[in-house]
Every structure is written in C-alpha cells, then in structure tokens.
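Residues per chain are reported as follows:
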Amino acid sequence: DGGITQSPKYLFRKEGQNVTLSCEQNLNHDAMYWYRQDPGQGLRLIYYSQIVNDFQKGDIAEGYSVSREKKESFPLTVTSAQKNPTAFYLCASSILANTEAFFGQGTRLTVV
Amino acid sequence: AQSVAQPEDQVNVAEGNPLTVKCTYSVSGNPYLFWYVQYPNRGLQFLLKYITGDNLVKGSYGFEAEFNKSQTSFHLKKPSALVSDSALYFCAVRDKGTSGTYKYIFGTGTRLKVLA
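Residue numbers (this note's numbering), protein chains in the order written: chain A, 1 to 112; chain B, 113 to 228.
A few of these clues could be false.
What follows is a list of derived Cβ distance ranges for each label pair [to be verified]:
| no. | chain 1 | residue 1 | chain 2 | residue 2 | range |
| --- | --- | --- | --- | --- | --- |
| 1 | A | 18 | B | 191 | 46 to 56 Å |
| 2 | A | 62 | B | 115 | 19 to 29 Å |
| 3 | A | 7 | B | 165 | 37 to 47 Å |
Here are some chain A residues pointing at chain B (derived, C-beta under 10 Å) [to be verified]:
| no. | residue |
| --- | --- |
| 4 | 29 |
| 5 | 33 |
| 6 | 37 |
| 7 | 43 |
| 8 | 45 |
| 9 | 88 |
| 10 | 92 |
| 11 | 101 |
| 12 | 105 |
| 13 | 106 |
| 14 | 108 |
What the hints contain is simulated information worked out from the structure, not anything from laboratory work. Glycine is no exception: its CB is placed at the ideal position from the N, C-alpha and C atoms.
Extracted from the complex, chain A is given alone in its bound form (with noise of 0.2 Å):
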C-alpha cells in the first residue's frame, strides 16, 4: 500500500526534553512538508523539502528541526526551545508537479 506514515499516533513529552516525530513515505514524492495544527489557526508550515539533504524554513520554524537524509522519510525534532509544543503535527508529500499533497494520519504531541 502506497502512503505516508507517521509515527507515534500519540506522544507525551516531558518539559525540557527532544522529541522526534518520524515520517515515512513511499511514495516516490520528490516534496516533503510538516505542517502544525492548533485549534482555530489552520495549519501553519514548520519545515519543508523539495529535494535530498534540502529544506526551507516555513512560517514558524524556531523550536524544531529536520532531516533529509533519504528521500522516503524526514523527521522532524521537537526542541526543548520550542515553548507551546503541545498540538497535533501533520506530515504530507507531494510531487514537484502541479499536484495535490497527501497528507499522513498525523502525530498528537502532549507536554506532560
């Protein structure tokens, strides 16, 4: 089954603390992006890749940092700078074409 998956579906985080999100696609999307959701504000852009070892600060990038090591996957790191982390995170892809992105099942971060 062609996808993209995200792991864990839930995360606790203690205050202080790294946390890595994992996103893992397969299918062959050149575009990688991870999107943040709170209530009210839509989706707001972290990070995202158009290609290998490539990546672009989005709107509110301070506090989290990626990896593109591999074109199937980017990660994305929760730091410990990152002051109100508690939010349901989105991961998509997308060819470089005029195309949809598609979206994984998402990751609920919750700071304990």
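Dock chain B against the given chain A, drawing on the hints supplied.
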C-alpha cells in the same frame, strides 16, 4: 505571498440541502487551488483542485468547486448534503517560495455541520 481566507468558522446545513463552503484567495499570477477535508484526529484528505481549464471542478464524494477569477473565490459546493459530510474543510493555495521551491498555504478551516 499567496494566501487564502475562509470567512466562516462554521456552516450549518440540513441534510438534503445544498451546501457551500466559502474560500477567497489572494495570489499573483495563476492560482493553484485545493480543497481538503479532515475528520477528527485524522490527516487531511484531498477533495479537488483547480489548476487551469473549466471553472467548475468536480471532485470526490460528490463535491465540486467553482473558480471565479473576478471575485477571487473558490467556493466548495455539494448539491445535497449528507450527515457524513460533517467535518472540517480546508482551502489551500500553492505558493512559490524562495529558491523556486513550492509550499501549500492553508486557510483556517470551516467546520461543516450537517443536521439530520
């Protein structure tokens, strides 16, 4: 930079009635517009897109959208709403960022509630 606006936080409609979820856009050049649906605690599912061509775009689950260049709108429509259509709907535009890269900009979402 490109942007989209969804002026309604929530839309209520009776089952069997037509529904409209509004979206307006602000872009330079030709817009690439999308509609997505999200069910609780799930990712977004693609419904339809406008790239070029006919102003009336047909998509999944009986949804369609009308692109109106003069009004800079891309409203989502369905002739007869179902209770199962109740969900959160997002309008999006593709934006060309720095270094020739592309990203998707989303609206704030509209919650559709279909009443039985």
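Should the interface hint for residue 37 of chain A be scored as holding, given a Cβ-Cβ cut-off of 10 Å against chain B? holds (9 Å)
Should the hint that residue 43 of chain A touches chain B count as held when the rule is a Cβ pair under 10 Å? Residue 43 of chain A check passes; min Cβ-Cβ to chain B is 4 Å, inside 10 Å.
For the hint on residue 33 of chain A, just tell me whether its beta-carbon gets within less than 10 Å of chain B. holds (7 Å)
For the hint 46 to 56 Å, verify it against the beta carbon of residue 18 of chain A and that of residue 191 of chain B. Holds, since residue 18 of chain A and residue 191 of chain B (Cβ atoms, about 50 Å apart) stay within the stated range.
Proposed interface contact between residue 45 of chain A and chain B, which counts if any beta carbon pair is under 10 Å: holds (6 Å)
Grab the minimum C-beta distance from residue 108 of chain A to chain B and call the hint holds if it beats 10 Å, violated otherwise. With a closest approach of 7 Å, the residue 108 of chain A hint holds.
Can the hint on residue 88 of chain A be confirmed by a CB-to-CB distance to chain B that is less than 10 Å? holds (8 Å)
So the hint says 19 to 29 Å: do the beta-carbon atoms of residue 62 of chain A and residue 115 of chain B match that? holds (21 Å)
Could you see if the CB distance from residue 7 of chain A to residue 165 of chain B stays within 37 to 47 Å? 39 Å Cβ-Cβ, so the 37 to 47 Å window holds.
Against chain B, with CB atoms and a cut of 10 Å, does the hint on residue 29 of chain A hold up? Where the cut-off is 10 Å and the nearest Cβ of chain B is about 12 Å from residue 29 of chain A, the hint is violated.
Minimum beta-carbon distance criterion (10 Å), residue 101 of chain A to chain B: Hint on residue 101 of chain A: holds, closest Cβ of chain B at ~5 Å, below 10 Å.
Regarding the hint that residue 105 of chain A lies at the interface with chain B, is the smallest CB-CB distance below 10 Å? Cβ of residue 105 of chain A sits 5 Å from chain B, so the hint holds.
The structure fails to meet hint 4 from the earlier list, while all remaining hints are met.
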